[in-house]
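As they're listed, the protein sequences go chains A and B. The first sequence begins at 1 in my numbering and counts up one residue at a time. The second sequence begins at 1001 in my numbering and counts up one residue at a time.
Mixed in with the good hints, there may be bad ones.
Beyond 12 Å from chain A on every Cβ pair, some chain B residues (computed) [to be verified]:
#, residue
1, Leu1002
2, Gln1016
3, Thr1061
4, Thr1085
5, Asn1109
6, Asn1135
7, Val1198
8, Lys1231
9, Pro1248
Some chain A residues near chain B, calculated using beta-carbon distances under 7 Å [as the list claims (entries may be wrong)]:
#, residue
10, Asn9
11, Asn12
12, Ala33
13, Gly34
14, Phe105
15, Val106
16, Trp117
17, Ile131
18, Pro132
19, Tyr136
20, Lys179
21, Leu192
Some but not every residue of chain B turned toward chain A, in silico, with C-beta under 7 Å [as the list claims (entries may be wrong)]:
#, residue
22, Leu1118
23, Gly1181
24, Asp1185
No wet-lab data here; the hints were simulated from the structure. From the three backbone atoms N, C-alpha and C, an ideal C-beta is built for every residue, glycine too.
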Amino acid sequence: MNVKIVKYNAGNIQSVLFALERIGIQAEVTDDAGEILSADRIIFPGVGEASTAMEYLKQRNLDNVIKAAKQPLLGICLGLQLLCNHSEENDTDCLGIFDAQVKKFVSDDLKIPQIGWNTIQVTNNPLLKNIPDNSYSYFVHSYYAEVTADTIATTTYANEFSCAMNKNNFYGVQFHPEKSAATGEQILKNFLEL
Amino acid sequence: MLAKRIIPCLDIKDGQTVKGTNFVNLRHAGDPVELAMRYSDEGADELVFLDITATVDKRKTLSELVRKIATHINIPFTVGGGINTVEDVSVLLENGADKISVNTSAVRNPQLVSDLALNFGSQCVVVAVDIKLFNGVWKVVTHGGRTPTDLVATEWVKQCAASGAGEILLTSMENDGTKAGFAIDITREISQSVNIPVIASGGAGTMEHFIDVFTSGAADAALAASIFHFKEIEIPALKKYLATHHIPVRL
């Protein structure tokens, strides 16, 4: 299977490559529009700050490449957030695939960012096949996507938020499947089997 | 609910896992790749890997070992020891580390913490803080506990958080290796003084010690080495025990 990871200035993708290797996939990292759009699956990772990432994508026309994708595409962490309409992080207009706002956690008693393992409440969606309700996944984030019609799983930290979303061929997870033990591995396998 | 994390630590010297008391009297504890895989399979929430030789000529060996471990485990993986520059971190991340930890080098050059946060994001920067009591005041020590400093622990931790540290790995040298329990009071004080997670380390000997550090100590995660390496406490049993005592853990 031809899996491409979108190359841009957003964090360490080595873990994603290793996680895919463990399930038998040699993915490639590229920012070439043709290569991305001819892949069977596209992974859109990301760790970092929203406005810088969007700026970088726009400069290389990768925003339009991502929007043009017809094959299954999985946004991870910041990748999910950038697939939403707008992020409060430096008031950034994002890709607008998911009709959702990205907001900052506000809490008097909880540490922000959320770092660690939290449970996910799942709905019936092919990305979440064989994932029991309340499975633990690994999160690192200060911003979250609100719960909307595109939400397919939720988590609660300070408030309930979208930890997984889906619209047409676009999927997003706020947690890091590449670091989420057996749960994450199953979700990556599900994504490849979509 | 966000779970409290259990983190085994592999102290590596010349490619082997070692563990001593108060950072001295090191004894061998096994093959690091085998241990890492065992912990990942047993439900450890993360893995920390500290290279305590960390001399220049050993760095290539270290990155190879990091890569070998990273390809095999599917939980977050932190690597520390001898990291002085942005370039050192790039090499480790390229080999599959998820986070890095700095200690002595951050004390020597506090700018390093901000440089790393700016280049790689706070989520990847763990500042390890080793502390010791001097006339009733917890102060920072460096070089594996051998060198005292004038830095007051709470002040240094706040400075690290302000510079962009993503997490604090706090080790009490008074407790490390004693198996008499974590340094509860200072852990709570530090955990409550910053808005980033604090990983408590040093002194774990019984399962009750973990309850204490998560409740009274307000720690977000707890790290231990020898009790896990020598199977005095096994991670699955520890997590079940914590769950029965209403500590949220990933089972």
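Comparing the hints with the structure gives:
no. : hint    : result
1   : Leu1002 : violated (5 Å)
2   : Gln1016 : holds (23 Å)
3   : Thr1061 : holds (19 Å)
4   : Thr1085 : holds (17 Å)
5   : Asn1109 : holds (23 Å)
6   : Asn1135 : holds (31 Å)
7   : Val1198 : violated (9 Å)
8   : Lys1231 : holds (21 Å)
9   : Pro1248 : violated (9 Å)
10  : Asn9    : violated (11 Å)
11  : Asn12   : holds (5 Å)
12  : Ala33   : violated (25 Å)
13  : Gly34   : violated (26 Å)
14  : Phe105  : violated (11 Å)
15  : Val106  : violated (12 Å)
16  : Trp117  : holds (4 Å)
17  : Ile131  : violated (14 Å)
18  : Pro132  : violated (12 Å)
19  : Tyr136  : holds (4 Å)
20  : Lys179  : holds (5 Å)
21  : Leu192  : violated (16 Å)
22  : Leu1118 : violated (10 Å)
23  : Gly1181 : violated (23 Å)
24  : Asp1185 : violated (19 Å)
Checked against the numbered hints given earlier, this structure breaks hints 1, 7, 9, 10, 12, 13, 14, 15, 17, 18, 21, 22, 23, 24; the rest are met.
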